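Participant: Once you have looked at the hints, place chain B on chain A.
If you're matching them up, the sequences are chains A and B in order. Per our numbering, the very first residue in the first sequence carries number 21; after that it's consecutive. Per our numbering, the very first residue in the second sequence carries number 522; after that it's consecutive.
Simulated from the structure, these hints should not be mistaken for lab results. Everything numeric in this text was worked out from a predicted model, so none of it was measured. Even for Gly, the Cβ is constructed at its ideal location relative to N, Cα and C. Do not rely on the hints blindly, as some may be mistaken.
Think about it this way: if two alpha-carbon atoms lie no more than 20 Å apart in a straight line, the pair counts; the simulated EDC-like pairs of lysine to aspartate or glutamate are [to be verified]: (1) A/K57 to A/D72; (2) A/K55 to A/E100; (3) A/K272 to A/E246; (4) A/K206 to B/E609; (5) B/K529 to A/D86; (6) B/K644 to A/E203.
Reference excerpt, derived from the structure (chain B facing chain A, CB under 10 Å, subset only) [unchecked claim]: (7) L531; (8) R626; (9) H636; (10) I664; (11) T665; (12) L751.
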Amino acid sequence: MREVAVVAFAQTEHTAHDTGLSEPELIAPVIRAVKEKSGLSTFGFTCSGSCDYLAGAPFSFVSALDALGAWPPISESHVEMDGAWALYEAWVRLQHGDVDTALVYGFGKSSLGDLRTIMTLQLDPYYLEPLGLDQLSFAALQAGALGAPRAALDAVARRSREDGRANPYAFDLPLEGGRSVVEPLKEWDIAPITDGAAAVVLAAGDLAREITANPAYIRGIAHRIEPHYLGMRDLTRSASAADAARAAGVGKAPVDLAELHACFSHEELILREALELPEDTVINPSGGALAANPVMATGLIRIGEAAQRILDGAARRTVGHAASGPCLQHNLVTVLEA
Amino acid sequence: MPSDPVSKELTADHVLEFPGGYTRTTGPVIGRFLTELRDGRLMGVRTTEGRTLVPPLEYDPATGEPVTDEWVEVGPAGTVTATAWVHEPRESHPLDRPFAWALIRLDGADTALVHAVDAGSPKALPQGARVRPVWRAERSGHITDISHFVPEVTKIVSPVSTRYRLTASPSLTRFLEGVRDGIFIGCRCATCEKVYVPYRLSCPECGNPISEEVALPDTGTVTTFAINNLPDPRAPEVPFVSAYILLDGADIPLIALVGGVPAHEVRQGMRVRAEWVPPEERTLSMTNIRWFTPTGEPDVEL
Chain A
21 MREVAVVAFA QTEHTAHDTG LSEPELIAPV IRAVKEKSGL STFGFTCSGS
71 CDYLAGAPFS FVSALDALGA WPPISESHVE MDGAWALYEA WVRLQHGDVD
121 TALVYGFGKS SLGDLRTIMT LQLDPYYLEP LGLDQLSFAA LQAGALGAPR
171 AALDAVARRS REDGRANPYA FDLPLEGGRS VVEPLKEWDI APITDGAAAV
221 VLAAGDLARE ITANPAYIRG IAHRIEPHYL GMRDLTRSAS AADAARAAGV
271 GKAPVDLAEL HACFSHEELI LREALELPED TVINPSGGAL AANPVMATGL
321 IRIGEAAQRI LDGAARRTVG HAASGPCLQH NLVTVLEA
Chain B
522 MPSDPVSKEL TADHVLEFPG GYTRTTGPVI GRFLTELRDG RLMGVRTTEG
572 RTLVPPLEYD PATGEPVTDE WVEVGPAGTV TATAWVHEPR ESHPLDRPFA
622 WALIRLDGAD TALVHAVDAG SPKALPQGAR VRPVWRAERS GHITDISHFV
672 PEVTKIVSPV STRYRLTASP SLTRFLEGVR DGIFIGCRCA TCEKVYVPYR
722 LSCPECGNPI SEEVALPDTG TVTTFAINNL PDPRAPEVPF VSAYILLDGA
772 DIPLIALVGG VPAHEVRQGM RVRAEWVPPE ERTLSMTNIR WFTPTGEPDV
822 EL
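Bound conformation, chain A alone (with noise of 0.2 Å):
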């Protein structure tokens, strides 16, 4: 297996409204933050994150492609999944041996429809779909299957706010509860509309360390996805978390922080079960989505804000995680070293 580090990594500081920025201008910061930190101009591969239902517009990273300059030629792909799916994507073609460097991104902003609606387009069209459940209530169904207290929730939105407050990039939300939206969610057990985007740049071999003193490799990346249709799985529990876990090795070894990307608090109790995280690893020290979720980029900034850490010199193995889908149906598992 070749060597990958995350060596560079960046983030708008998000925002709950749409401020106007088409996304070309949303996306440049964050890719020129990228190649200023890794001092690279071009790369290898290009690979980004977005859906188009989010601005309603098809084909949408097509238009975003103007914020890296595309020409002469580049080798791109995107996925339509958050930026963390264009990581494994760029990890595996880093793993062919015949590039070095690949410029990895996600975008999104949720604040231009509703996206309980849109996130109801993403279900089975025969069965879910025509119902109109929508992403909270599905999300409700599983609080509700798993039966956590009320404290237990409140302890998860309570820290994750506390700590999205110390977060300059992400939202400064109050420290209480809100009202029951879909029962058993409050307001703060659900992540933030929110818009923005995050860049990462992975490098390979020896080339990692010439770029930045302390490269975040990545020691482990799996993926696992589980029906999609909420009745025919145990929603309690994350099977596919935790068969991605165990592929990436997060158990080897200590994990010293874990970025989880729960868009609800209940999702954070049953990754943390899942993921068999010790009780002294750090959980979400950034805040988590449930501080800052601009959608498409959330799974990103989990690598991300795990890889900084190790970038910083603070940590030595970290795990991001990301997810998609209704009710935690695809996770994806990142183990990161210094």
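Facilitator: The following block gives chain B in isolation, referenced to the frame of chain A:
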């Protein structure tokens, strides 16, 4: 680079839709389920491992093997395995009043169906509740041919109303005459030497007849109390406090309302005095005492 929204004139609404709807073919498995649904039947499909999938899929989600041609009728009743309560229904939702989303394992199925349940309140739908479908009158072969589910009948409400005429006993009459005159009439048992109030004709301890009347003052001490949060026609407001009050000189307490003080300030040992309605308004009734109100004296050690 601008970071604030540009002028309102440059903001536009944009709708993405397929006018008339988006046509999808169903394939043989989902098509069979929807066809049966149009006929008012709920069908599941068997996997090679013998599990019954409802709603049916073309492949066993556990193994990826194609399902068999074996179909079985399931339901129509089922068991709720998880719920979420929607306080504010959205336009796209099946019901326009608060309702539950539920995972429902239909009788005979091994997987759960997701649908809406009209249960009135979240408390009416515990895990394990039994529900049945409400079918639409006009069905077209669509998951919404089931309008929603409703809980099974597990209880009925029977109105009961019977009328009685009650007459006060001689001892109660005597006591109420005292209350009309602003006096609490009690009695002393010659054998036990205990003073009881209200007035009674026999001792509850030894059973001996009692004939000695005792006039008790309208002051006493709260021995215990309850804060009531449900309205009561006899109480002035909610919350109200009902308390046991040991009248001075009595051996057993009397139950009465406590007022003129915030509910959370009432305590054991508090000294209280009856607040009487004006003499011209009094009748042969306990309503002559509006409530007991604190005297302001120091608390008593009980």
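Participant: Confirm or reject each hint.
Facilitator: Results of checking the hints against the structure:
1. A/K57 to A/D72: Outside the cut-off at roughly 29 Å; violated.
2. A/K55 to A/E100: At roughly 24 Å apart (the allowed maximum being 20 Å), A/E100 and A/K55 break the hint.
3. A/K272 to A/E246: violated (24 Å)
4. A/K206 to B/E609: holds (13 Å)
5. B/K529 to A/D86: violated (26 Å)
6. B/K644 to A/E203: It holds: about 11 Å lies between the C-alpha atoms, which stays within 20 Å.
7. L531: holds (8 Å)
8. R626: holds (8 Å)
9. H636: Since chain A brings a Cβ to about 7 Å from B/H636, closer than 10 Å, the hint holds.
10. I664: holds (5 Å)
11. T665: Since the shortest Cβ distance to chain A is 6 Å, the answer is holds.
12. L751: Status violated, d = 23 Å.
The structure is inconsistent with the numbered hints 1, 2, 3, 5 and 12, although it conforms to all the rest.
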